[in-house]
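*Asks:* Here the sequence shown is numbered in my numbering, starting from 19 and rising by one per residue.
Please keep in mind that the hints were generated in silico from the structure rather than gathered at the bench. Possibly wrong hints are sitting among the right ones.
As the list claims (entries may be wrong) - Quick list of simulated restraints, FRET-style, between CB atoms: (1) 84 x 55: 24 to 32 angstroms; (2) 40 x 68: 16 to 24 angstroms; (3) 55 x 86: 29 to 37 angstroms.
No residue lacks a Cβ here, since even glycine has one placed at the ideal position from N, Cα and C.
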Amino acid sequence: MHSANGAPHLSDRDVELLRHLAAGRSTSQIAAAMEISGNTVRTRIHRVTAKLEVVSRVDAVRTAEAHGVL
Numbered sequence: 019m020h021s022a023n024g025a026p027h028l029s030d031r032d033v034e035l036l037r038h039l040a041a042g043r044s045t046s047q048i049a050a051a052m053e054i055s056g057n058t059v060r061t062r063i064h065r066v067t068a069k070l071e072v073v074s075r076v077d078a079v080r081t082a083e084a085h086g087v088l
């Protein structure tokens, strides 16, 4: 599902994750900050990149910025 501006619907936690990625944080740093496991971080990254229809962390951040999410 996409929003009115064409961006995919992202949860608050998705946006939080993208902010950590944009800051260049590692999986373990994100896990500590979000109080989740490293495996959960990797799963969430996979799901966010799928929602954004991209394949990398960098592309996810760029796409989120282009849609005004970040």
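*Asks:* Hint by hint, note whether the structure agrees.
*Replies:* Status of each hint after checking the structure:
{"no.": "1", "hint": "84 x 55: 24 to 32 angstroms", "in the structure": "holds (30 angstroms)"}
{"no.": "2", "hint": "40 x 68: 16 to 24 angstroms", "in the structure": "holds (18 angstroms)"}
{"no.": "3", "hint": "55 x 86: 29 to 37 angstroms", "in the structure": "holds (30 angstroms)"}
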